[in-house]
Amino acid sequence: MAPNSLRITHQDDKIQLSWQTGQSAPRSAPPVIFEHPFDEETLTSLRWYLEKFLPFPYGIFPDKAKKLEQKF
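What the sequence shown shows, in the numbering used here, is residues 1 to 72, in sequence order.
Source of the hints: derived by calculation from the structure; they are not laboratory data.
Mixed in with the good hints there might be a few duds.
Claimed, not checked - In silico DSS-like cross-links for lysine-lysine, where the CA-CA straight-line distance does not exceed 27 Å:
#: 1; residue 1: LYS52; residue 2: LYS66
#: 2; residue 1: LYS52; residue 2: LYS67
#: 3; residue 1: LYS71; residue 2: LYS52
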């Protein structure tokens, strides 16, 4: 069985979602305007959490991660 997939395409100020369930034909939603509510510092923290912490959630970083979780 083929895996399900979701693709988020971001271009300029719009995003578009496309998805595919198993081997069915891909489907997509119309693009919509998207303005995220985060400043640059928050985006940097979120990027660290998702890309650096989550793959290795141990060591000295759980305290930093806990603070970010409470912030969000």
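Comparing the hints with the structure gives:
Between LYS52 and LYS66, the direct Cα distance comes to roughly 14 Å. Compliance with the 27 Å bound is thereby established for this hinted pair. Proposed proximity of LYS52 and LYS67 is supported: the alpha carbons are some 15 Å apart, at most 27 Å. Straight-line distance between C-alpha atoms of LYS71 and LYS52 comes to about 18 Å, which keeps the hinted pair within the 27 Å bound.
In this structure, every one of the numbered hints holds.
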